[in-house]
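Student: For chain Y, the structure is supplied; the task is to place chain A on it using the hints.
What follows is the residue order along each chain.
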Amino acid sequence: MTDANAPVVRITGLHKQFSTGEEVVTTALSGIDLSIEQGEFVSLIGPSGCGKSTLLRLIGDLTAPTAGSVEVNGKPSHAARMGREYGMVFQAPVLFEWRNVEENVKLPLELLDMSRAQRDERAKEMLALVELSDFARHHPYQLSGGMQQRVAIARALALQPAILLMDEPFGALDEMTRERMNSEVLRIWQQTGTTVVFVTHSIPEAVFLSTRVVVMSARPGRITRVVDVPLPQPRDDETREDPRYFQVVTEVREALRAGEGSGSASEARLAAEGGIG
Amino acid sequence: MTAATTSLGRPARLGRSLGRNLPALAVGVGTIGIWELLIRVLDVRTFILPAPSAIGAALVENWGAGRWPLFDSAMATLFEAVGGLVIGTVVGVVIAFAVARWANARDAVLPFAVAANAIPIIAIAPIFNAWFGVTNPVSKMMIAALLVFFPVMINVTRGLTSVEPSALELMRSYAASEWTILRKLRLPNALPFFLTALKVATTLSLIGAIVGEYFGGSSTVIGRVVVQSASALRFDVTWAAILLAAVTGITFYLVIVALERALIPWHASVRSQEPG
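Residue numbers (my numbering), protein chains in the order written: chain Y, 70 to 346; chain A, -19 to 256.
The shape of chain Y in the complex, shown without the other chains (with noise of 0.2 Å):
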């Protein structure tokens, strides 16, 4: 039904301006061309007001672009988020509240034409993938927050999406917890094998989760580096003592860095205010 050989996603030209108050029109990405293949985990890192977060919700069509085009295997990004084709996870886990663990995962199956049997399967199918099936039955407000962000992952992954799109989704946890979830989420993505795209403003984060991390920089948003790391999978503690890992670090820290002094005061302060994040 689907080119085999097309790209998960393929962005071509695409720019988004928003119009802040009358006339005063900011551009919040200019001119992003980029090319996801399957099974890609994609970071996006940049300062705040890069427009990664814009970027991510323009691929998962929660925005419209001003120019360009987003296609989600093969066909407009629009068309993939009627299909369902889409996962998201945010920063905050959003669950509701009135739903416990099991009924929060089935919540996007239940806009399906599934039946109850099926439903069940799979959401305990998803629990045990994020190892969360002793806690079925728990309402969010018992889970401590790693475990409801691990809990919107298994939401996000129960419709089986094409992609993945994470938007910062371990940016409110403390360290310890931020590189076990790294971990977890690289297990998940290696046993499904989905495609993830990933926005998050750590560089250890970025390097040690991707295949490929889209470095950005502010006003307007562009890419200015796409970097690989070629580090091997599976990836493990061991992998954040590895010598190739700091030297990916500092190309990427090194990317940021060049983005960063192509722009002028002004725009660091515009950044820095930032609306667009």
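Take these hints with a grain of salt, some might be off.
Each computed DSSO-like pair below joins lysine-lysine, with the alpha-carbon atoms no more than 27 Å apart [to be verified]:
| # | chain 1 | residue 1 | chain 2 | residue 2 |
| --- | --- | --- | --- | --- |
| 1 | A | K179 | A | K164 |
| 2 | A | K164 | Y | K193 |
| 3 | Y | K175 | A | K179 |
| 4 | Y | K175 | Y | K193 |
The set of hints was computed from the structure by calculation and includes no laboratory data.
Tutor: Relative to the frame of chain Y, chain A by itself:
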């Protein structure tokens, strides 16, 4: 933490709840005791303040029969209040849905809702009695409904509209229809708001019904018993009627609290009531 609370046996929980209510109980009993004592020692006349024992006696004496049948009066007033609560709640919820869905409806309806809420209930009561029939309980129900609809409308509107933007985005990422978003997100989100409004509305509906009764109608209602026993200088009966109205109101309120615990055990307002 949950394991600890569930493993507590019934006697332990009973004991704990008794312990929590002990101060209130002591204050209540103490007040009544001092009240009784002062009335007797100072020889206060009944029309100023009857002794608790006299009020109790009046309650028992007039419970089922006589010129002021208290139980039947309380039931009749409760009937009016419940009727008003239902009417006011239905109208309030319907308007809330329209207002939450369409900005036009909000602009068209809200000024009139605010105006209706601003009308002093005392002023409108005789008019409603004339419109719906002074002896017809519906006139009292409409007065109660007028008091009830506003807090219900405002709260339910807020519940339907105050959903997290990210929750809306999540639903949109699933290509959920407006109808699905209403059912799976807005309605459950509005439920705690609705129940909060109902708690306020129980008391308001009783007030509305009793105010309506003051302006005439059947004599077997709390409002008439209060007016007539007072003019007959039977203040012990007046106080007994007031006591009964208060107990009815509290019971009514507790029914909604029980409903809340059953319907939204996950909500912070209910969770925090649990000991420990």
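Student: A separate judgement is required for each hint: does it hold in the structure or not?
Tutor: Checked hints:
no., hint, verdict
1, A:K179 - A:K164, "holds, 24 Å"
2, A:K164 - Y:K193, "holds, 21 Å"
3, Y:K175 - A:K179, "violated, 33 Å"
4, Y:K175 - Y:K193, "holds, 10 Å"
Checked against the numbered hints given earlier, this structure breaks only hint 3.
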